[in-house]
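**Q** So the chains spell out like this:
There are 4 protein chains.
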Amino acid sequence: MNKILKIVVIGGGSSYTPELIEGLINRYEELPVGELWLVDIEDGHEKVQIISELAKRMIKNKGLCIEVKVTLDRRLALEGADFVCSQFRAGCLDARIRDERISLKYGMIGQETNGLGGFANACRTIPITLEICKEMEELCPDAWLLNFTNPSGMVTEAVLKYTNVKAIGLCNVPVIMEKGIAQIIGADEGDFVMQVAGLNHLIWARKILHNGTDKLSIVMDEILKGNDPLIPSNIPPFNWPQDLLKDMGMIPCAYLRYYYTSDDIMQQEQEEAEGEGTRGEVVKAMEKRLFDIYKNPELAEKPKELEKRGGQYYSEAACELMSSIYNDKRKIMHVNTRNNGTISGLPDDCVVEVSSIITKNGPLPLNVDPFPCDTLRLIQLMKEFETLTVEAAVKGDLVAAKRGLILNPIVNTGTILDEALKETVKENLDYMPQFRWMFEKS
Amino acid sequence: MNKILKIVVIGGGSSYTPELIEGLINRYEELPVGELWLVDIEDGHEKVQIISELAKRMIKNKGLCIEVKVTLDRRLALEGADFVCSQFRAGCLDARIRDERISLKYGMIGQETNGLGGFANACRTIPITLEICKEMEELCPDAWLLNFTNPSGMVTEAVLKYTNVKAIGLCNVPVIMEKGIAQIIGADEGDFVMQVAGLNHLIWARKILHNGTDKLSIVMDEILKGNDPLIPSNIPPFNWPQDLLKDMGMIPCAYLRYYYTSDDIMQQEQEEAEGEGTRGEVVKAMEKRLFDIYKNPELAEKPKELEKRGGQYYSEAACELMSSIYNDKRKIMHVNTRNNGTISGLPDDCVVEVSSIITKNGPLPLNVDPFPCDTLRLIQLMKEFETLTVEAAVKGDLVAAKRGLILNPIVNTGTILDEALKETVKENLDYMPQFRWMFEKS
Amino acid sequence: MNKILKIVVIGGGSSYTPELIEGLINRYEELPVGELWLVDIEDGHEKVQIISELAKRMIKNKGLCIEVKVTLDRRLALEGADFVCSQFRAGCLDARIRDERISLKYGMIGQETNGLGGFANACRTIPITLEICKEMEELCPDAWLLNFTNPSGMVTEAVLKYTNVKAIGLCNVPVIMEKGIAQIIGADEGDFVMQVAGLNHLIWARKILHNGTDKLSIVMDEILKGNDPLIPSNIPPFNWPQDLLKDMGMIPCAYLRYYYTSDDIMQQEQEEAEGEGTRGEVVKAMEKRLFDIYKNPELAEKPKELEKRGGQYYSEAACELMSSIYNDKRKIMHVNTRNNGTISGLPDDCVVEVSSIITKNGPLPLNVDPFPCDTLRLIQLMKEFETLTVEAAVKGDLVAAKRGLILNPIVNTGTILDEALKETVKENLDYMPQFRWMFEKS
Amino acid sequence: MNKILKIVVIGGGSSYTPELIEGLINRYEELPVGELWLVDIEDGHEKVQIISELAKRMIKNKGLCIEVKVTLDRRLALEGADFVCSQFRAGCLDARIRDERISLKYGMIGQETNGLGGFANACRTIPITLEICKEMEELCPDAWLLNFTNPSGMVTEAVLKYTNVKAIGLCNVPVIMEKGIAQIIGADEGDFVMQVAGLNHLIWARKILHNGTDKLSIVMDEILKGNDPLIPSNIPPFNWPQDLLKDMGMIPCAYLRYYYTSDDIMQQEQEEAEGEGTRGEVVKAMEKRLFDIYKNPELAEKPKELEKRGGQYYSEAACELMSSIYNDKRKIMHVNTRNNGTISGLPDDCVVEVSSIITKNGPLPLNVDPFPCDTLRLIQLMKEFETLTVEAAVKGDLVAAKRGLILNPIVNTGTILDEALKETVKENLDYMPQFRWMFEKS
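Order-wise, the sequence lines are chains Y, R, E and G. At position 97 of the first sequence the residue is numbered 101 (the working numbering), and the sequence of numbers has no breaks. At position 358 of the second sequence the residue is numbered 362 (the working numbering), and the sequence of numbers has no breaks. At position 95 of the third sequence the residue is numbered 99 (the working numbering), and the sequence of numbers has no breaks. At position 226 of the fourth sequence the residue is numbered 230 (the working numbering), and the sequence of numbers has no breaks.
Careful: at least some of the hints might be erroneous.
Treat identical chains as interchangeable: a pair holds within one or across any two.
Claimed, not checked - Straight-line alpha carbon distances no greater than 16 angstroms define the calculated EDC-like cross-link-like pairs of lysine to aspartate or glutamate that follow:
no. : residue 1 : residue 2
1   : 335       : 195
2   : 170       : 218
3   : 364       : 195
4   : 308       : 268
5   : 60        : 273
6   : 364       : 218
7   : 219       : 195
8   : 64        : 285
The hints are simulated quantities; they were obtained by calculation from the structure and are not laboratory data.
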């Protein structure tokens with residue numbers, strides 16, 4: 005692999021892409037990218053053009069030579085690729101907003117990776133991802149797929165179960181946790197080892213090894229004081245149950261608030277929905293502003309405003325991951341990969357999010373100490389939701405969907421679920437061909 | 005054990021007792037009861053007297069000689085007992101009503117064996133039960149404890165984990181299912197084998213073996229038609245999600261409605277609470293009427309009205325269990341006992357509700373075929389709730405309580421749970437000495 | 005199934021058959037057999053004729069009317085059968101003797117269900133059994149297969165894994181244990197519950213429930229005194245390691261001597277081989293004598309001499325099993341059936357030998373309490389040997405065979421195993437078509 | 005820990021020590037050793053003096069300043085130590101020779117970490133090691149114990165189960181495998197990742213990651229050609245069963261020959277015992293020669309002859325491990341540590357030998373992909389042997405010893421085991437105080 009690398013970005017018109025460009029520019033010496041292909045769909049043509057122009061200006065500004073190409077022809081882009089970054093959003097932000105609003109209408113938390121919204125997102129995204137993978141098997145069988153399309157854990161599980169593509173799922177949550185911890189313990193990145201484990205958006209930091217001691221309790225004390233730099237800046241403030249955390253011996257990621265403080269979050273979401281708008285709506289407005297900024301022909305670097313967007317460090321993580329693979333760096337990163345016994349009590353073939361050594365052959369997960377039984381039960385429950393959702397998304401199996409959703413703690417069951425599910429599928433029918441039978445029948 | 009048997013009833017003043025008397029009368033030939041001791045507390049003295057008089061009339065009416073004794077001195081009763089039936093209610097129906105009302109106030113389903121109410125009931129009941137067991141270890145170490153005090157599964161787990169008493173937990177749910185199935189398939193009891201498995205109030209019929217075929221699908225078809233004699237008469241009508249059940253390959257007990265139709269049940273409970281009253285309130289009124297009937301000096305048999313009470317067949321099951329043990333009958337009954345691998349995926353030392361052969365040495369559980377993974381996850385989750393609740397009840401450990409409640413699908417979490425939990429403990433402080441530290445501290 | 009039953013015996017010319025006839029005669033009232041088909045192969049024609057004549061005399065003697073038919077046409081016999089008893093011996097006793105002699109030649113214990121001999125027997129027997137099952141699927145799909153062809157556990161596993169036939173494996177070892185226990189504790193059969201668990205020829209009695217107490221330690225004391233009626237009469241005396249048994253808390257079956265006293269048994273076998281002959285040779289001579297007795301036209305009952313043959317109670321068990329199924333007796337018997345979690349730590353789809361309630365729908369295993377870890381390890385090891393041997397027998401996979409044999413504690417490994425294995429296959433090539441490739445290649 | 009380090013060597017008079025000295029000299033820059041304490045017992049005084057003089061010459065020769073101290077007072081040495089290297093041999097080589105001869109006398113393979121010899125060695129070594137650990141808890145509670153005293157896996161398990169000492173077990177087997185693999189694939193150490201897993205002397209290389217591909221099959225091909233640099237030079241040549249290895253998908257360590265070629269090894273050992281002597285006897289002669297060389301006052305470096313000794317790279321590994329801990333190197337090394345789910349199917353609290361990242365906080369094991377079932381069964385069996393042996397060694401429990409030995413594939417059972425065990429204990433009574441009760445009683 006000493007040739008110049010070809011990198012393909014599916015969903016190249018995403019507002020995150022400038023961070024990715026910046027990451028590639030910063031690693032130009034260690035990661036010799038020759039071509040960067042931005043792929044998007046018809047509807048995203050304008051946005052991907054804006055991104056492409058900005059990318060070119062950013063690269064030129066640094067005096068580097070990475071060729072930036074834009075295309076709507078995915079096969080053309082994939083041919084001979086070395087790395088494929090998947091960051092598309094099926095149905096765009098409108099679909100996310102619809103998910104949120106439907107969930108709220110039926111009294112449930114609306115969220116793009118969990119609950120009813122997570123189900124909808126998975127059902128829209130997985131079929132397209134599998135299509136991409138079939139093309140990869142043909143056109144670039146040795147390429148790595150770096151998935152950060154949400155729901156990242158379920159999408160990666162679908163790829164690893166149903167295709168032969170070498171895939172790794174990524175998320176910015178552990179990256180933000182790591183940076184927050186660095187700040188609390190006053191250490192440089194790489195100076196300490198944070199080990200996380202769980203599922204995507206359902207992880208706990210299990211160890212924080214620094215200079216011969218485990219600093220977990222120091223970090224916990226800081227969090228309990230309300231000083232919590234581990235929480236992504238786009239998440240509104242909330243309170244952990246203090247006694248619970250004190251007793252836990254591990255640091256939950258911010259998304260655990262859906263389980264530990266479900267009612268508070270429900271109320272918060274309802275207030276937001278009636279006020280500034282749902283998270284999707286806020287992001288949509290933000291994106292509009294971002295693209296206005298990106299259009300500026302004077303702009304030749306990643307603008308500050310992107311940091312508020314929420315996906316912070318996603319692309320940074322992707323670039324670091326590509327470099328770690330390419331250079332066999334054996335850095336510890338936190339990725340979604342096949343379980344294979346890493347977390348005891350989960351099937352071998354499911355996908356988990358765990359700290360791993362990144363090699364040229366892919367991730368080698370660190371072993372995870374057994375979880376306390378109650379935490380394990382939550383992980384097992386949510387993994388079963390995910391696995392049934394993947395099955396439903398691949399096969400169009402409504403009963404599998406329902407069996408999964410019934411387990412999910414943030415989903416209401418009964419008549420209301422039947423109705424919410426029907427509405428979800430109906431409103432998304434353009435993106436869920438696997439469920440068209442439901443409406444053909446009736 | 006060829007002597008005449010001594011049977012002790014803790015909570016002898018219960019409105020159920022006449023069914024128990026009837027059961028003993030019907031089995032007089034096979035189960036030679038010499039003395040029946042009805043034990044109650046000061047507050048229940050009047051009720052236990054009424055029951056005792058009725059019992060004596062019933063026995064005399066049949067010309068039998070069982071001595072009926074009433075006492076408030078539990079140790080006196082326990083000395084040399086052969087069977088101890090536990091059917092008391094700590095805090096009486098008022099406590100149950102309080103549980104229901106607090107749960108509803110905080111937007112949660114109110115229920116005496118599950119959720120916040122189940123937690124409260126366990127915390128009131130388990131300390132007293134362990135006290136009784138300590139006395140049994142001293143005064144009647146060979147006696148069997150037949151527990152049908154709710155929450156029956158958790159109470160039995162506490163006894164088996166923390167004492168040396170030989171205990172079996174009982175519930176009328178499987179009995180009613182068996183009778184309903186007999187009706188559907190047109191078979192006599194004992195003619196077919198129904199195998200159930202799960203936890204107390206969380207069981208599924210796994211097999212219905214009759215004349216060489218498994219009649220499960222026949223029973224399921226009937227249930228899906230809305231003809232469901234497996235549901236206790238005291239439970240108001242509700243609808244199972246049809247497609248879910250069709251796909252399930254096993255018959256859920258009625259209490260599974262809390263998981264499969266949570267929102268419908270929540271609404272139903274709220275309507276009841278605003279209308280005829282909560283279940284506890286309805287039962288309280290019913291009990292009052294029952295005791296008026298029991299007082300009638302002409303009455304010398306179990307009155308028809310008792311059947312509407314809800315606990316139907318409880319006492320019947322208890323009598324049959326005593327006879328099965330005494331006579332080494334090896335009948336298949338459905339009991340709460342130590343898991344020991346019966347249900348794969350649960351700890352050996354937890355208590356499960358499973359079909360078992362009843363011998364003079366106690367129950368020998370039938371092996372349970374592996375559960376589908378999603379159902380297993382629900383069972384594991386609820387068992388963890390139960391185990392943490394038992395721990396909380398025994399040790400007064402509030403964090404254990406919270407860790408358990410957070411897992412429970414019918415419990416809301418966050419600020420609301422903190423408040424609901426605090427109110428629950430405060431209102432029950434007379435019955436929850438283990439949690440007094442919470443209010444001493446502050 | 006109120007018609008008159010058709011029973012088929014594969015290997016009808018076996019010297020055991022008179023016991024089977026006696027068993028059917030004794031159960032004539034409860035098990036209405038109309039036709040008894042004795043099937044054998046060309047080489048066994050004379051013997052099956054002798055048996056058939058004896059059977060007819062025995063039936064006539066009692067004035068019953070069971071039609072006895074002899075055939076070499078298996079399909080004719082199987083058509084419409086209700087029960088198929090499999091008790092054939094592929095390669096006859098000569099094959100068994102060859103197995104024993106080859107094993108001994110290479111310094112290994114020679115045995116028909118274990119080690120190299122067990123491997124050879126499985127590879128001869130399983131292909132024929134699967135052939136029979138294919139015919140059963142076509143000609144009598146509702147019939148039960150009662151297998152007591154050795155190695156019974158592996159043969160039953162092959163049937164349950166590779167066919168749709170309803171099969172139960174039987175062995176006389178637990179029957180003899182039960183009778184020995186009855187003698188020690190002075191109880192009638194059916195009066196107590198003996199629970200065994202493990203694999204075929206690798207079981208332990210785990211519970212001996214009698215009149216409200218577990219008599220296991222009483223039985224153990226008697227065994228340690230050297231008074232051991234649990235050991236089949238055909239097994240020469242040997243000594244259990246006393247301290248090991250005292251500590252064990254369960255009663256091992258006689259075949260466990262291969263693991264607990266391997267060297268003693270090896271020496272015993274070598275002495276026998278140089279003296280009176282191997283077990284197979286002794287049996288062969290005995291059989292010759294038996295058939296001389298059977299020929300006697302005056303003989304109209306099972307002769308006493310059969311009892312020394314070794315397979316005592318096999319056929320008795322088979323008759324009782326047929327009756328238990330036919331009459332839905334729900335008797336506790338000890339059978340080889342699908343594990344399904346009965347013994348924790350073994351795969352669901354493997355076959356185990358466990359005490360079960362026999363119903364018209366087949367066996368319902370009693371749950372088995374967790375084994376001590378060291379015993380479990382031995383069971384897991386031997387089950388893996390069995391599973392790999394079944395795979396080798398079905399697929400002709402020599403590496404699977406070797407992987408299995410290497411695990412087996414009574415097998416020597418290395419050059420010697422390669423040679424012993426090659427000789428075994430070569431000498432049995434007529435009965436092991438699946439391994440012919442080995443000699444075609446070279 | 006920026007002070008100058010104090011390193012203690014228990015068994016400082018070992019012939020290996022010069023390699024350790026060389027390792028410390030080579031790492032002087034990264035591992036600032038101030039004091040090196042060589043501890044030995046009275047009987048080893050002369051040898052430790054010789055070693056000490058040689059060490060001083062070696063250090064002086066390089067112009068470094070590490071203070072070398074000799075003492076028989078262990079407590080003095082341990083006080084304030086940073087690293088404690090345990091490499092003593094309880095009973096010296098004479099005990100090892102005795103073990104070998106007793107095993108052979110009873111027809112069993114004689115080996116210092118396995119079978120009867122492994123049991124004897126564990127029972128001599130573990131009590132002393134626990135004594136050392138008690139002293140470490142008091143005198144240097146923060147020190148790391150690096151154990152390479154055999155049987156290294158069992159000794160480390162004893163320490164981690166029964167003390168609070170931070171301990172890591174080491175072996176040279178994986179080091180030699182890694183060097184052999186480097187040679188075959190033509191890569192530098194550190195350039196590729198070899199992942200091993202199993203138990204001490206029972207490991208398999210599972211992955212050989214080099215430049216983006218797994219070179220395992222390339223290495224396997226070379227081994228099958230008979231070119232096997234992975235086998236320690238002190239092990240006489242033997243043949244792997246070719247078809248078995250081809251099928252295995254992982255590379256067994258040389259000690260697996262005891263299981264895969266047991267009979268060949270038995271014969272080899274018997275021939276050696278009758279010829280050049282047992283391994284222990286050969287080593288004893290070699291050691292004598294080595295000490296003659298060490299005495300030479302001109303000698304100021306590790307002599308070439310040491311390489312033939314067999315323990316090659318042991319001390320090298322120890323030095324590298326100390327440096328990895330001290331410098332938080334996060335190098336992948338292969339160590340004995342607590343399982344905690346690393347190998348699925350083994351208890352959490354047992355010790356396994358697995359590739360781990362070495363941090364200042366100790367080893368972080370890499371997750372191990374599930375083993376094929378037959379290999380897992382062997383590992384589980386041998387771990388149970390080890391765990392029971394540790395229990396026997398700590399408690400003097402003879403039945404535990406026997407239960408463990410009966411499982412061990414290289415142990416004969418029955419009368420012969422009783423005798424061999426009795427002789428073993430009797431001959432070692434000076435070193436096995438825990439078993440003195442056996443001879444007091446009789």
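**Q** Is it within a copy, between copies, both, or neither that the alpha carbon of residue 170 lies no farther than 16 angstroms from that of residue 218?
**A** between (34 angstroms within a copy, 14 angstroms between copies)
**Q** I want to check one pair: residue 364 and residue 218. Are their C-alpha atoms no more than 16 angstroms apart within a copy, between two copies, both, or neither?
**A** between (29 angstroms within a copy, 10 angstroms between copies)
**Q** Which holds for residue 64 with residue 285 at a C-alpha limit of 16 angstroms: within a copy, between copies, both or neither?
**A** Classified as neither; 34 angstroms inside a copy, 74 angstroms across copies.
**Q** My question is about residue 219 and residue 195: at a cut-off of 16 angstroms on alpha-carbon distance, are they close within one copy, between copies, both, or neither?
**A** Cα proximity of residue 219 and residue 195: one copy only (13 angstroms, versus 32 angstroms across).
**Q** Classify it for me, residue 60 with residue 273: is the Cα-Cα distance of at most 16 angstroms met within a copy, between copies, both or neither?
**A** Intra 39 angstroms, inter 63 angstroms, cutoff 16 angstroms: neither.
**Q** If the cut is 16 angstroms between Cα atoms, do residue 364 and residue 195 qualify within a copy, between copies, both or neither?
**A** between (22 angstroms within a copy, 11 angstroms between copies)
**Q** Indicate which option fits the pair residue 308, residue 268 if close means a Cα-Cα distance not exceeding 16 angstroms: within, between, both or neither.
**A** For residue 308 and residue 268, the Cα distance exceeds 16 angstroms both inside one copy (31 angstroms) and across copies (48 angstroms).
**Q** Under a CA distance limit of 16 angstroms, which applies to residue 335 and residue 195: within one copy, between copies, both, or neither?
**A** both (12 angstroms within a copy, 14 angstroms between copies)
Checked against the numbered hints above, the structure breaks hints 4, 5 and 8 and satisfies the rest.
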